[in-house]
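2 protein chains.
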Amino acid sequence: MGNEVTKRASDYSQWYNDLVLKGGLADYSAVRGCMVIKPYGYTLWENMRDVLDKMFKDTGHTNAYFPLFVPKSFLEKEEGHAEGFAKECAVVTHYRLKGDPQQKGKLIVDPDAQLEEELIVRPTSEAIIWNAYKDWIQSYRDLPLLINQWANVVRWEMRTRLFLRTAEFLWQEGHTAHATAEEAIEEAEKMLHVYADFVENYMALPVIKGVKTPNERFAGALETYCIEALMQDGKALQAGTSHFLGQNFAKAFDVKYLTKENKQEFVWATSWGVSTRLIGALVMAHSDDEGLVLPPRIAPLQVVIVPIYKGPEQKMLVDEKVHAIVAELKQKGISVKYDDNDNTRPGWKFAEYELKGVPVRIAIGPKDIENGVVVARRDTKEKSSVPAAGLADHISGLLDDIQHNLYNRALQYRESHITSVNSWSEFKEVLETKGGFISAHWDGSRETEEKIKEETKATIRCIPLNNAQEQGVCVYSGKPSQQRVLFAVAY
Amino acid sequence: MGNEVTKRASDYSQWYNDLVLKGGLADYSAVRGCMVIKPYGYTLWENMRDVLDKMFKDTGHTNAYFPLFVPKSFLEKEEGHAEGFAKECAVVTHYRLKGDPQQKGKLIVDPDAQLEEELIVRPTSEAIIWNAYKDWIQSYRDLPLLINQWANVVRWEMRTRLFLRTAEFLWQEGHTAHATAEEAIEEAEKMLHVYADFVENYMALPVIKGVKTPNERFAGALETYCIEALMQDGKALQAGTSHFLGQNFAKAFDVKYLTKENKQEFVWATSWGVSTRLIGALVMAHSDDEGLVLPPRIAPLQVVIVPIYKGPEQKMLVDEKVHAIVAELKQKGISVKYDDNDNTRPGWKFAEYELKGVPVRIAIGPKDIENGVVVARRDTKEKSSVPAAGLADHISGLLDDIQHNLYNRALQYRESHITSVNSWSEFKEVLETKGGFISAHWDGSRETEEKIKEETKATIRCIPLNNAQEQGVCVYSGKPSQQRVLFAVAY
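Chains as they are written, first to last, in numbering that gives the first Met the number 0: chain A, 0 to 490; chain B, 0 to 490.
Don't take each hint at face value.
No distinction is drawn between identical chains; accordingly, a pair holds when it is met within one copy or between any pair of copies.
Lysine-lysine pairs mimicking DSBU-like chemistry, simulated, CA-CA at most 30 angstroms apart [stated by the list, open to error]: (1) K56 with K314; (2) K255 with K76; (3) K56 with K97; (4) K189 with K103; (5) K250 with K105.
In short, the hints are calculated from the structure, not lab data.
Throw the hints in and build the complete structure from the sequences for me.
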């Protein structure tokens with residue numbers, strides 16, 4: 000049961016896996032590429048989901064639920080979409096098992112129960128949703144249609160990693176329909192800002208907002224907006240995307256509406272999603288060699304209290320004080336656990352809650368009640384003695400402080416890892432020695448983009464929104480360029 | 000766009016479908032047996048889920064998430080379980096599509112991408128979860144393990160009905176592990192009471208708590224506890240089940256724990272679930288010939304306000320008053336919508352919100368502001384004029400009153416539809432003419448149970464908890480019997 004964590008410097012990738020597994024966030028499962036999200040990790044996801052869900056509702060969206068299965072013929076309808084997802088689909092071909100006549104107690108697929116048309120386990124739901132929208136949208140009065148779905152999806156990835164890339168994952172997918180292109184673009188941009196707001200203010204992770212190059216767009220989109228974050232190993236991670244889909248799905252599924260002028264027009268669409276992948280980003284952004292470091296605003300547990308005592312008499316004294324503190328903290332809406340399990344020693348508990356990234360730990364012994372309790376913050380590992388009177392107010396302020404400190408720390412790291420380069424040799428050198436985002440001129444061609452990827456594994460993460468226009472020459476081809484774009488090696 | 004609802008008396012089944020479809024709860028989908036849960040229906044489900052989720056957490060459970068897929072060999076491990084679910088499984092056999100070489104733009108299943116072992120889309124998660132528990136449980140210190148999952152499941156039903164029986168449905172499934180049989184039985188019973196509490200106090204639907212006969216038990220259970228409700232057509236509906244699974248799954252998946260006495264023992268299990276089927280029960284229990292009637296405590300929308308006015312000047316007067324009322328209601332935690340859409344007339348809106356079962360409707364005209372507004376309750380259709388001062392308090396009380404009235408009405412109906420019979424002819428006559436629950440002596444044999452089902456379609460819904468012991472003879476076989484059990488034709 001060794002709970003030691005691999006050091007970042009020795010093996011970053013193993014450090015990440017250790018944190019996810021030993022921190023109790025998730026576990027491997029018996030199904031290839033699928034993970035089990037354990038209670039601690041799921042509570043984290045619930046906290047993230049609840050904040051996002053409120054943001055979606057506050058911006059006028061409602062939730063609905065569409066079928067898990069997409070008939071194969073639906074996937075075919077939007078050509079780019081089909082090409083994008085066909086290679087990684089879980090396909091249901093039969094609807095019944097039967098006893099194996101050769102081997103008692105074994106089951107085989109019943110060959111008489113083959114489906115007429117195969118069903119795809121949804122890799123994303125545009126196709127099944129737009130088929131429904133055809134019936135729901137008749138007139139401009141039915142628009143805009145602003146719907147979100149929380150669901151599981153399956154993409155048969157060949158190389159999987161806990162949270163970052165799993166065959167099944169949990170996500171939300173917004174699917175909206177609009178009367179005009181302008182409205183749809185406005186919606187796609189609005190949701191990008193909602194995502195950025197969430198990731199920055201709750202996950203304490205600064206992001207760069209931008210658009211993808213045509214090459215990196217979602218299958219079926221005319222424009223893909225994205226937020227990009229930087230991990231501690233200098234790799235980028237796409238934290239969320241929002242797509243302007245034009246009329247592609249409306250045309251594929253024949254979804255028209257009657258305008259105020261009594262004309263039939265195709266509807267304009269967006270879709271946008273974030274997933275449990277965000278948990279992977281969260282882990283990699285803030286954690287350290289002792290374990291997870293979780294931002295207070297979404298941490299499954301904000302405060303843990305560990306009693307220090309000898310014998311039942313001291314325990315009773317401590318208990319009494321702790322119960323009062325717990326009540327005070329809960330009244331302020333702070334989640335708190337009193338861990339008085341006597342099977343483990345305080346030192347073991349301290350290490351355990353550090354590993355789990357609980358933002359604040361309070362240790363209380365019988366003497367501390369008069370002198371003040373010991374409060375340790377996870378982010379800086381600083382300890383201080385705090386009088387019990389007014390403790391809840393102190394903790395409340397401390398949680399805010401930790402939240403801001405995590406953001407500022409990540410921002411400082413990110414800012415010091417955006418490097419402007421002006422030559423190909425510089426590009427390669429920065430990528431190899433420093434990593435992070437590289438701001439460089441690019442000639443705008445798909446060919447150059449792909450060659451750079453082949454040679455360095457770096458991709459264009461985004462063209463930042465409101466990007467400064469600047470004359471220059473492409474670092475790779477030497478051709479003229481109007482702006483710098485952000486490159487990075489990415490998860 | 001006809002929104003007329005079929006009358007219960009003319010076609011109960013069509014009435015139900017009309018309510019679900021025209022009330023905006025759900026829609027058929029292009030995938031056989033799968034439905035789309037529309038925003039109004041999904042909000043209802045969210046409200047139900049949130050209450051249940053809190054109840055589960057208050058009783059010590061946490062949520063987690065396990066894979067959608069169950070390897071075929073896992074399903075085989077518990078024999079009864081395999082037999083119970085094999086016949087209705089969606090089976091994933093391939094993980095890739097490819098372009099059809101015969102037809103451009105079409106996709107076919109890639110024969111080179113066949114899975115070594117087929118994956119079953121979970122019909123329930125005992126197998127995949129107990130496989131994980133094997134790694135999670137080593138010692139008595141790891142017990143009890145109290146986990147719940149909110150998920151979608153798939154059972155390939157041949158005859159489906161919106162909400163009541165769909166191929167895919169949403170549910171929660173609790174899966175707990177315990178050191179002793181007593182503890183597991185206590186847990187299974189506790190969760191039955193939680194379900195009964197929820198269904199009675201939030202859904203306003205009285206239930207009978209009992210246990211199933213061996214014949215009707217969940218596949219793999221030693222005891223199945225259930226709550227049974229009665230619909231307005233005299234048919235019963237199983238609203239939730241909780242299973243004592245004994246050591247069946249622990250043995251199938253080799254899950255043992257070290258006792259305090261240092262011995263290895265198999266773990267004891269429970270599982271329990273309720274699903275979107277509850278929405279079907281809700282619709283059938285309270286609604287009437289004008290549409291849905293929803294209990295205030297879980298209604299997606301509790302109050303709707305419709306303005307009555309002529310011209311923009313009156314509208315402004317009304318608006319001002321309504322905004323104050325909306326603020327007051329929201330402050331009390333009451334959900335409210337101001338429908339001032341000017342595309343439809345007040346009469347149309349009245350009918351629409353009746354159809355949707357909104358508990359309270361307020362109509363406000365410019366004169367009503369001084370004299371009082373018109374408040375209509377959905378359950379009794381009574382209208383009254385209520386002064387604007389103190390309106391929020393009045394509405395708050397009215398919502399409670401509606402909640403209790405719905406429960407009492409359903410209870411009265413249920414109580415008048417439990418009929419004790421003492422002969423086979425009486426049994427058949429009551430079943431045909433009156434329906435409802437029939438309380439009758441049964442000889443305890445599977446044979447009799449099945450013959451009664453064959454002849455009348457009635458099944459034993461449950462043996463009520465704390466059932467009175469009473470000497471008698473079986474209504475069907477004439478053999479001696481120690482207690483009455485409840486029969487009914489069921490959904």
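Each hint, compared with the structure:
For the identical chains of this complex, K56 and K314 are inter-copy neighbours only, at 27 angstroms across copies versus 47 angstroms inside a copy, given an alpha-carbon limit of 30 angstroms. For the identical chains of this complex, K255 and K76 are intra-copy neighbours only, at 16 angstroms inside a copy versus 51 angstroms across copies, given an alpha-carbon limit of 30 angstroms. In this assembly of identical chains, the alpha carbons of K56 and K97 never lie at most 30 angstroms apart, being 46 angstroms within a copy and 39 angstroms across copies at closest. In this assembly of identical chains, the alpha carbons of K189 and K103 never lie at most 30 angstroms apart, being 59 angstroms within a copy and 38 angstroms across copies at closest.
For a Cα distance limit of 30 angstroms, the shortest separation of K250 from K105 across copies, 17 angstroms, qualifies, whereas the shortest one inside one copy, 47 angstroms, does not.
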